[in-house]
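Chains as they are written, first to last, in my numbering: chain A, 93 to 328; chain B, 93 to 328.
These aren't lab readings, by the way, just hints derived from the structure by calculation.
What you are looking at is a predicted structure, and each value in this text was computed from that prediction instead of being measured.
Hints are not guaranteed to be accurate.
Which copy? The list can't say, so a pair holds if one copy fits it or any two copies do.
Think about it this way: if two alpha-carbon atoms lie no more than 30 Å apart in a straight line, the pair counts; the simulated DSS-like pairs of lysine-lysine are [to be verified]:
| id | residue 1 | residue 2 |
| --- | --- | --- |
| 1 | LYS182 | LYS277 |
| 2 | LYS253 | LYS182 |
| 3 | LYS224 | LYS182 |
| 4 | LYS228 | LYS182 |
| 5 | LYS277 | LYS149 |
Number of protein chains: 2
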Amino acid sequence: MTGGGLKYMNHLNRTINNGSSALIVLSHVEGLRFIDTGRLEYDTVICADAGWKIAQKLGLTPDICIGDYDSSEQPAESLPEDLIRLPAEKDMTDSEAALDLAVARGFRRITIIGGLGGRFDHTMGNLGLLAKYTGKVERICLQDGWNRIFLADPGTHIVRKDGYYYLGTASYGEQVTGLTYRGMKYPLENAVLTNRTTYGGSNEILGEEAEISFRTGRLLISQCNDVPAAIVEAAD
Amino acid sequence: MTGGGLKYMNHLNRTINNGSSALIVLSHVEGLRFIDTGRLEYDTVICADAGWKIAQKLGLTPDICIGDYDSSEQPAESLPEDLIRLPAEKDMTDSEAALDLAVARGFRRITIIGGLGGRFDHTMGNLGLLAKYTGKVERICLQDGWNRIFLADPGTHIVRKDGYYYLGTASYGEQVTGLTYRGMKYPLENAVLTNRTTYGGSNEILGEEAEISFRTGRLLISQCNDVPAAIVEAAD
Chain A
93 MTGGGLKYMN
103 HLNRTINNGS
113 SALIVLSHVE
123 GLRFIDTGRL
133 EYDTVICADA
143 GWKIAQKLGL
153 TPDICIGDYD
163 SSEQPAESLP
173 EDLIRLPAEK
183 DMTDSEAALD
193 LAVARGFRRI
203 TIIGGLGGRF
213 DHTMGNLGLL
223 AKYTGKVERI
233 CLQDGWNRIF
243 LADPGTHIVR
253 KDGYYYLGTA
263 SYGEQVTGLT
273 YRGMKYPLEN
283 AVLTNRTTYG
293 GSNEILGEEA
303 EISFRTGRLL
313 ISQCNDVPAA
323 IVEAAD
Chain B
93 MTGGGLKYMN
103 HLNRTINNGS
113 SALIVLSHVE
123 GLRFIDTGRL
133 EYDTVICADA
143 GWKIAQKLGL
153 TPDICIGDYD
163 SSEQPAESLP
173 EDLIRLPAEK
183 DMTDSEAALD
193 LAVARGFRRI
203 TIIGGLGGRF
213 DHTMGNLGLL
223 AKYTGKVERI
233 CLQDGWNRIF
243 LADPGTHIVR
253 KDGYYYLGTA
263 SYGEQVTGLT
273 YRGMKYPLEN
283 AVLTNRTTYG
293 GSNEILGEEA
303 EISFRTGRLL
313 ISQCNDVPAA
323 IVEAAD
């Protein structure tokens, strides 16, 4: 490890909570029961649209609720300290409005719960949100019951294993160059990764953490666990 | 509509079946019970890894099974006409091997069932597969119970509604330029769509079909339905 220049992306731990971390809870969360709320870092819980129901299921108390509530009920007035009602027809999703709010209020470490799976236009939009703010805040990720997703700019990044079996990378853009892995089951050295391949999937961090570096492009880093067979069977 | 130069992407209808369409069934399929098999176009069913179990649930008979079967049982020998066993450690996924096989055998219209949701490294890899073969075959899409996903190259494309409520677009690459919608609820004219926004989501085709054209970049077109509330509740 090369020291001060590294970006530690994965300090998802309450102990480093110093008042600048927000949890944004979206209304579609896959694998809800597999989220370990004890490992979430947050000072403030912001719920987008029906995300307040998800927050309740997770035992979290919403601080701010924001949404158009056009296809879901809004929280009871007594519940949130702050309720922001948006118009139904607008140029952004409730999720984007929630994230813009978090950034505007100065939160620098942001975990977005949910937003993967289900409607794929939403999934792609949520990757767009990661892309909008990666590099502008200290840390931002999307997380659900089986996945934790970061987007990285060129440089060297430490990724902690944190109980995720798989680590996959994908080029978010035409290509990533100079891609090098340290501490991974399938190492890479100065490779090119295009967005026309499955090549980056199903790798594994060997120890506690891995080092991933690259020179150009933007890299989507997905830490994943298999969906339990019983869950898949039940959904069929 | 401007006639002969248009690419009809969405003839997912058995009536145009002329012997060159393959259905590739993956092992993770969201919303299985919402797939209308009567609307699927295929001459040959190719199952990747545990996809043969999914095919059986859909009432489809696998013609070829291909996979490493490292984390799932392989089909009984009597089941497939053709069983291709791959090594567990390889530079491609079973899904990619199945698709490569379909293309090598000359199939020109390919529907991939599944591959969205669950492990996100797989999802991104499957988008990579669309990207690998879009433009090289006549038609390729990913489809599950709530989504049908195409990738489009520059030009003019007709997209049929086919029972999908939402249509979302996202730039697959840094940006798409000259993006114009005809027949959509929220029209666009000569717009730029970057991959750092949620802007393309939650649009709707107003009639039977819409026309989407653009000048540069690659556009991911997602046709989606909401996941039924009962399904979401049950999964929590």
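Hints, one by one, checked against the model:
no., hint, verdict
1, LYS182 <-> LYS277, "between (45 Å within a copy, 12 Å between copies)"
2, LYS253 <-> LYS182, "between (39 Å within a copy, 22 Å between copies)"
3, LYS224 <-> LYS182, "within (18 Å within a copy, 34 Å between copies)"
4, LYS228 <-> LYS182, "within (24 Å within a copy, 37 Å between copies)"
5, LYS277 <-> LYS149, "neither (36 Å within a copy, 35 Å between copies)"
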